[in-house]
Amino acid sequence: MNPVAVIGTGQTRHARARDDASQPDLVREAAARAIEDAGIRARDIDAVVIANMELFEGRAWPELWVGEAAFAAGKPCLKVATGGTSGTSGCIAGFHQVASGLFDIVLVVGFEKHSEGHTQTGMTLTDPYWDRAVASGAVGNFALSVSQYMADRGVTELQAALVAVKARRNAVRNPHAHLQMPGITVEEVLASRLLAHPLRLLDMCPQSDGACAIVVAAGERARKLHPRPAWVRAAATRHEQPYIGDIDRRLVTMRTLRDAAREAYADAGIREPLKELDVAEIYEPVSYAELAWYEALGFCAEGEAGRLIEDGVTEMDGELPVNPSGGVLSTNPVGASGVIRVAEAALQIHGRGGARQVEGARTALATGYGVYAWADVIVLADRP
Amino acid sequence: MSEPLLVPIEMDQSWRYAATAAMARFCAGLKERRLEALRCDGCGKRYLPPRPVCGNCHLALRDWVAVRDEGRLAAWTVVHVPILDPRSGRMREAPYGMGLIRLDGADTTLNHYLAEQNPARLAIGLGVRAVWREQLVGAIDDILHFEVLR
Amino acid sequence: MTAGSLRRPVFVCGLGETGAVPEDPRSIPEMVLAAVQAAYRDAGCTQADVDAVVTASVDLLDGLTASNIAITEVVDAVMKPETRIAADGLAAALHAAAQIAAGSYDTVLVVAHCKASMADYQALTRWALDPIYLQPLGVDFLACAGLQAMALAEDDPGAERRWAQIAAARRSCGSSAFSGLCDVDRILVSPLVAAPLRAGMCAPLGDAACAVVLTAQAPARSAAIAVRMAGLGWDLERHSLGDRHLRSWDGLKRAFERACGTAGIEPTAGGFELAEPSCLYPHEEELFARATGIDAATPLSPEGGLFPGTAPIVAGLSRLAAAARRMRQGRAERALAHGAWGPAGQGQAVAVLEARA
Amino acid sequence: MIRESAIRIPFRYAAGAAGSRFLAALRDQQRILGARCAACARVLVPLRAFCPVCGSETLDTVEVGPGGTLQTWTTRADGTVFAVILLDGASSGLVHRLLDGGEEACCGLRVRARFATERRGGILDIAGFEPAQGGAT
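Residue numbers (my numbering), protein chains in the order written: chain C, 836 to 1219; chain A, 43 to 192; chain H, -6 to 350; chain P, 56 to 192.
I should point out that these hints are in silico values taken from the structure, not numbers from a laboratory. Among the clues, some could well be false.
Just some of the chain A residues that point at chain H, by a computed CB distance under 8 Å [claimed, not checked]:
#1 I51
#2 A61
#3 A157
#4 Q159
C-beta: ideal position from N, C-alpha, C; glycine also.
The shape of chain C in the complex, shown without the other chains:
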């Protein structure tokens, strides 16, 4: 891919219900901030990509309504949707459109307003001959896979709780994060309400209303516009069989994420991810998933994920801080969540992470996760 970079990011205030803002208002809030952050004007944007899971809000072609808010009126604008990876897919679509030579600057905006519909029900609107009759939503499906992962790897509820606590403690340093739970403890996680055995309330991501935008620029423009562009070194996608029962122990195997990471690392020249990555923003809708992703992303050997979190390797002061933003476990507007991962990774390269900045971050990882095992892996760095 030809050189492209992220030169601006913007996020809304994320919350359980943003009744104060319409869908276009949310989109505008994030888009305007990204443009301001990039130091450009709206008229500098050549094209717009929108990411959103339209049926969660009961919409069709949502870009038709929110496009103007994303500064897209009279410009090329497409909407991308691939389940949970919608946001990272949208970012990658933006990378491709810039790298193609068609555009110099593309704005990518992801958003979701879960409070306006019934997301858990929306998620069950799958095969009417099959899934719909036996649907239990994201929580139940994850719980099933977690039962396999625990049995296979011997991961404990305590280790998962450590992930849940790490995310929320990091979120305290992120003014945009939805969940703000200063002083949260492992005991609180383990005592929180059981949603689907063994998943507890605090093991799960929240449902958030929010939007996030990034500004993507072509090589020369990026250099002119930004003192420290976040260069896209790699972007890899793998989709998987879409029925949960067809994938053998998905959290254990996670061949999509493994394969996408292998490709991305090769493209970015990374051999030892734990050593060579400075920070990672990974899409972990459930505490246990973060442990599974550690293995699939090559941060540790199989079965070692529990030890990684126990040893604090992925804490803010560890060897590879994972999710300084607080992650999906602290903020989850689905269509925006993938964009947030990329924006937070870019923010680290830009050196604009504020209280959540990882000192001297030069290489950052962002991932997307969706459906049962769809995966996106993106590597950003301070050099093209």
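Assemble chains A, H and P onto chain C, guided by the hints.
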């Protein structure tokens, strides 16, 4: 600023979904308490429910094999949150057991309800058996749930 | 290299279509599988030659969340990159072309599907309109087309007959599984569906799937004539009809200019030997002509365009396929394919195709 | 084999700050609000947060209508008449309904908003538009 206003709109839409030929045959089987899987000519994997194509080998699936209505739990959970049933607009009550069941004769696993709701009595590898409803209509909920074999 | 031109050439190397019918008894995956296999055959390739997939579908039209999961296996996207563009299929093809031009993939499969027979299509389109100011009124895409048509017809007493003639003429040059009217007088007495539009003027909507293989390499097999996607342009108009110029398709004009800019040609009708517009109603063909300058002097929709019958989402991609087929036969060296979506053409997509012997 | 299945889900859409003010003014005062764009001087109806033409977010609230001029209309098979109305004082059209069957409808027809007797804070707090005294201009 005035109070934030919300505009309520109810979705009540109906769709007519066509089944794949394989799913139609599978559903006809259910009506006679018969379970079948489709075997891939390439990798030999036996798919239940039937898929049109093996996603790994990219081959159309044609070879039917018989599957028993008993199998083993490959994964399980007990769900404690009620969920809105999109078909009826009503809430489905909790708790309820869920499992991924590898039926004897199939290689994939079937997502379905479990009669057992006590986590202490559930484990991967347990034998389970389908409990069928009286009036079969040719749908996957002709199986009410799976019960643990003791 | 400056922005606006493609960094790598993109060729159309495989075409596969089910054709549009009022109701296809097959399921969506079966229809898509048929189109994909036909496209592979036409391209002389297999799934192993394809690096990535771009799909076009809309969840609400399919009655499914993440409508692409129903077709992941049949488009061979397992362990591959797939991107779903929730718009007209031609927009998906433009994005796929951008992926190839970017150097990210060499060969991309583009797939669009829709079964309008599944539900009340116009009722579903209400969910695409601003839920605060528009949706509660009960307005839908057909009403938006009627509002635009009336704005054109108001000072033009000949419009109705002219539009009936367009619909009749287009329909009579294409064979169709739909029972659309081909007789001007019968069209003019057919029921008003969104005055001044009558039932007989509208393109009937049904079920279809279409697949196109795009590649960076000029196809060797059909080496006689290679069809290149030389120009790409798309656009999003303002949403509310109250905020737009009702008597023109400004968005199409911009998309057309961008596409011509990418192709390095002047945005004029001259030079085009074929146009395949996506017009669901005859007044849209006039809006198309005003926006692009392409009128009766250029061969337009030789197979009838959308008027014999089409499917939403698939329409624009099937226009690309129709144009490419004709170019392979040596009947045009430069052609335009067009797709549109949303109320009164809010979304617009244009591809400039060039044939090379 | 075909199976029919329905989706029944209640949605609720936030009108946002501008939308809420517009709807509250309809409901409480039977007034129609627009936004005058400080950058391009257009008066946009309904009230909104930003100008869709020039993108500016600096907008002053102004009252428009209730009288206006028909820009276009369409009649559906069920007799519903939709219309785009240029309200007095506005530079953009409002999409709404035309009451009374639209028999007199023609571009340029003078119309006037009729407010619903029971108003709930929605766009249908305007029941629709009807021909105003004086007819076509």
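Tested hints:
1. I51: holds, 6 Å
2. A61: Nearest chain H Cβ about 6 Å off; hint holds.
3. A157: violated, 28 Å
4. Q159: violated, 27 Å
Violated hints, listed in ascending order, are 3 and 4; each of the other numbered hints is respected by the structure.
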